[in-house]
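Number of protein chains: 4
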Amino acid sequence: MTKDGYAQVKLISKPENMLKTIYTACRTCYSSDSPLNIYECDNAQDNEKMLKLISRVISSGHYSTIEHIQVSFAISNISRACSHQLVRHRHMSFSQKSQRYVKEKEQFEYLIPDSIAENQELKEKFENFMGEISAFYLELTEKGIPAEDARAVLPNAASTSMVASLNLREMIHLANLRLCTRAQKEIRILVKRMCDALTEEEPWLKDYLVPKCERLGYCDEDKSCGRKQVKGN
Amino acid sequence: MTKDGYAQVKLISKPENMLKTIYTACRTCYSSDSPLNIYECDNAQDNEKMLKLISRVISSGHYSTIEHIQVSFAISNISRACSHQLVRHRHMSFSQKSQRYVKEKEQFEYLIPDSIAENQELKEKFENFMGEISAFYLELTEKGIPAEDARAVLPNAASTSMVASLNLREMIHLANLRLCTRAQKEIRILVKRMCDALTEEEPWLKDYLVPKCERLGYCDEDKSCGRKQVKGN
Amino acid sequence: MTKDGYAQVKLISKPENMLKTIYTACRTCYSSDSPLNIYECDNAQDNEKMLKLISRVISSGHYSTIEHIQVSFAISNISRACSHQLVRHRHMSFSQKSQRYVKEKEQFEYLIPDSIAENQELKEKFENFMGEISAFYLELTEKGIPAEDARAVLPNAASTSMVASLNLREMIHLANLRLCTRAQKEIRILVKRMCDALTEEEPWLKDYLVPKCERLGYCDEDKSCGRKQVKGN
Amino acid sequence: MTKDGYAQVKLISKPENMLKTIYTACRTCYSSDSPLNIYECDNAQDNEKMLKLISRVISSGHYSTIEHIQVSFAISNISRACSHQLVRHRHMSFSQKSQRYVKEKEQFEYLIPDSIAENQELKEKFENFMGEISAFYLELTEKGIPAEDARAVLPNAASTSMVASLNLREMIHLANLRLCTRAQKEIRILVKRMCDALTEEEPWLKDYLVPKCERLGYCDEDKSCGRKQVKGN
Chain A
1 MTKDGYAQVK LISKPENMLK TIYTACRTCY SSDSPLNIYE CDNAQDNEKM
51 LKLISRVISS GHYSTIEHIQ VSFAISNISR ACSHQLVRHR HMSFSQKSQR
101 YVKEKEQFEY LIPDSIAENQ ELKEKFENFM GEISAFYLEL TEKGIPAEDA
151 RAVLPNAAST SMVASLNLRE MIHLANLRLC TRAQKEIRIL VKRMCDALTE
201 EEPWLKDYLV PKCERLGYCD EDKSCGRKQV KGN
Chain B
1 MTKDGYAQVK LISKPENMLK TIYTACRTCY SSDSPLNIYE CDNAQDNEKM
51 LKLISRVISS GHYSTIEHIQ VSFAISNISR ACSHQLVRHR HMSFSQKSQR
101 YVKEKEQFEY LIPDSIAENQ ELKEKFENFM GEISAFYLEL TEKGIPAEDA
151 RAVLPNAAST SMVASLNLRE MIHLANLRLC TRAQKEIRIL VKRMCDALTE
201 EEPWLKDYLV PKCERLGYCD EDKSCGRKQV KGN
Chain C
1 MTKDGYAQVK LISKPENMLK TIYTACRTCY SSDSPLNIYE CDNAQDNEKM
51 LKLISRVISS GHYSTIEHIQ VSFAISNISR ACSHQLVRHR HMSFSQKSQR
101 YVKEKEQFEY LIPDSIAENQ ELKEKFENFM GEISAFYLEL TEKGIPAEDA
151 RAVLPNAAST SMVASLNLRE MIHLANLRLC TRAQKEIRIL VKRMCDALTE
201 EEPWLKDYLV PKCERLGYCD EDKSCGRKQV KGN
Chain D
1 MTKDGYAQVK LISKPENMLK TIYTACRTCY SSDSPLNIYE CDNAQDNEKM
51 LKLISRVISS GHYSTIEHIQ VSFAISNISR ACSHQLVRHR HMSFSQKSQR
101 YVKEKEQFEY LIPDSIAENQ ELKEKFENFM GEISAFYLEL TEKGIPAEDA
151 RAVLPNAAST SMVASLNLRE MIHLANLRLC TRAQKEIRIL VKRMCDALTE
201 EEPWLKDYLV PKCERLGYCD EDKSCGRKQV KGN
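Taken in order, these protein sequences are the chains called A, B, C and D. Mapping the first sequence onto our numbering, position 143 (from 1) lands on 143, and the numbers just tick up by one. Mapping the second sequence onto our numbering, position 103 (from 1) lands on 103, and the numbers just tick up by one. Mapping the third sequence onto our numbering, position 51 (from 1) lands on 51, and the numbers just tick up by one. Mapping the fourth sequence onto our numbering, position 23 (from 1) lands on 23, and the numbers just tick up by one.
To be clear, the hints were calculated from the coordinates, so they are not data collected in a lab. Heads up, some of the hints might be wrong.
The list treats identical chains as interchangeable, and a pair is accepted whether it falls inside one copy or across any two copies.
Derived EDC-like pairs (lysine to aspartate or glutamate); straight-line CA-CA distance at most 16 Å [what the hints assert, rightly or not]: (1) Lys192 - Glu104; (2) Lys105 - Asp42; (3) Lys192 - Asp4; (4) Lys143 - Asp114; (5) Lys105 - Asp33.
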């Protein structure tokens, strides 16, 4: 488990030549030169020149050029409530730990929401309750109930893990939606950690991995959190 | 709740002119005539002629022609375990009851897996346990914990509902995967009911809404349920 | 051919109960009631009430709720240049007339771009040239070259036809991009006609089927056409 | 241009740790261990062990696990007829040379279909004809017609280039469809070269990058090319 009880995230795979691939894609659209020549030209050795073009293309909303880059994350210690939200991003690819095929042998791991953890009395009750659920789950599986049915008693708090992959276009979309304060805290922290893991290696992406109001220039929700004004106000 | 404790499913929307639209799509690919003329031609009044062509096209695996038809289902009384499986079908569209925004006011509804329900002692324990979870959930919300956090204690068994839409290509894919005995019983029944609701109005689809082994002619899983032999055996 | 030489478009299929289906989807997310009850409730008989909710949901960018509605168009008299642009919309479904399987028997149909048609001399030359291409195509096929190879000489101007289907979320996206003056004139007119065909039956969609600058409140291209200012200017 | 007149293809990007990423994804589904631990375990250093698992998972049709790997190709010297076919693969990402923004300055490049090239007389006529088209195109652009309109006269034979990316699931699907003899020769060669470029670096993929009949065990087209029998025959 992580120290603060939230998601553990590690970037486990990204393509070689990220900038060069995007740069080649952008220039192929507007050049009489072949993509192979562009890929091997002098400019494609110059990160600064490449970034200047790429940033102009992304700012104009021509996101298809960054679909060429896909990244993969190893994610653990998120709740099943959180994973149910994450897998709704249909442009992502997931391989998630199965509650059907992986039988819990002892107390299952779980996450305590902050609002409960901050109240000592409720926190203890919550932890005890997780123990009771675990005991009932183990009784069920010992009595021959298959894991896929015994899991009916497992709570949304139960932790899960997955490998998740997405291209940069979806990564920006994910950040836009899930870094917004309307998103639930757990997924907000998860997505923030995905962004951080990526920008640590690719710092040029920082400007794009932001809540949607930063991209739009205004808030398009009913009520604003204060970061940007609601459109038209 | 349904009598047998499984999903309630109703087909709430389908396009006008289903056969005519598919027929027009199929013929447009191979005809010098315009789609509008095809749509209004005599053959497009003759269900039998249209079905003959459509069945040949589907059998050849040219599924893109049936993407033109999308259908919508109102689904209720499925468990959150089941909905987590269903939303993994990324070509489908979903609007699901939110546990963040809909606060439970009394005992939440839930499903009991058959393997537990068949054991009277375990069934009672299960039902009592659902009562305890409900009590704790209600205590949490009464003490000011927001629904989105209190739901951490709600179990996979808790029921949910949704509107789900998909085109006929994905409908066939869904049936192929989820009518297979490898799929968990609850989603197998759900998908069977979706198929039944659709074929009641469109009986010609019956031949295609089958487990994948019927389509392939063999079982491609590690072990067969006996319906078809494993490939190569 | 159409009078003005541009696309012929007809809406050939849309779901029954369009508003009711969207309304049910929107309310299902926030209601303790089942989608089936929502679908059959009094409000779902009242177009005005439904539209009020739907418009609020769309304005907040919650577009997944309108994916439940898919519409189909019969499209003819568009150029292959235009169809190559249109099929880049990957959330759409297409059944297009095949140049491999449909052999031209006489002068193929084609579109003359306005900038050429406006110059009488160039227009005549263009038309004569289309005749020459046709003659060479017919010579090739008569000499036994299969249609799929003979078509190598056919120009981008050659007309094609298709059945195209898309959900309302993609319809709004298509309008946002292709009604923008950056889009080429032919596809702009095609998409305008698709929008018109749809809003004739569903006038409430008019506010959403607009160029992207209307949705954003600013122009996100390098240069503005004057309709809205470039962001930050 | 390539020596044989067909596509030039180069694999320009693939993820680091391809096998390890897929292996981690496969094992995450069935393991109580975290994906990070799996990624760093001893087995994930052993290509043979990883391949054994991966091949079993792919054979069972659990393709979602290989979506985590995306590869990118620089493609040039394909015809616009071919690119119009390729972009119909909606799970792929493309950045294609624009005929709107890239003006031809001299004779455009083009491909001659084999059936025409094999006939010396037709070949010469074809080449002369490409010269005439080029002359007319250049006349149009010199007289002020924008490239996006002048291209109306350019033929399907005109060559184009692109950067194309796809994940391994789609790569297998692409091979299944486009290595089939029903596919047109040009795209068959293109896709063969994409497969070859990939399997040169990842030879373990050879068994999967095959025509669909190899995967199915039978031909599902109306008529077989002889490689496999039609289903049911």
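Now for the hints, and whether the structure bears them out:
Taking the shortest Cα distances, Lys192 and Glu104 never come within 16 Å of each other, neither inside one copy (29 Å) nor across copies (30 Å). For a Cα distance limit of 16 Å, the shortest separation of Lys105 from Asp42 qualifies neither inside one copy, at 58 Å, nor across copies, at 24 Å. For the homomeric pair Lys192 and Asp4, the shortest alpha-carbon distance inside one copy (14 Å) is at most 16 Å, but the shortest distance between copies (44 Å) is not. Taking identical chains as interchangeable, the C-alpha atoms of Lys143 and Asp114 lie at most 16 Å apart only when they sit on different chains, with a minimum of 14 Å there against 35 Å within one chain.
Taking identical chains as interchangeable, the C-alpha atoms of Lys105 and Asp33 lie at most 16 Å apart only when they sit on different chains, with a minimum of 12 Å there against 60 Å within one chain.
Hint violations for this structure: numbers 1, 2, all remaining hints satisfied.
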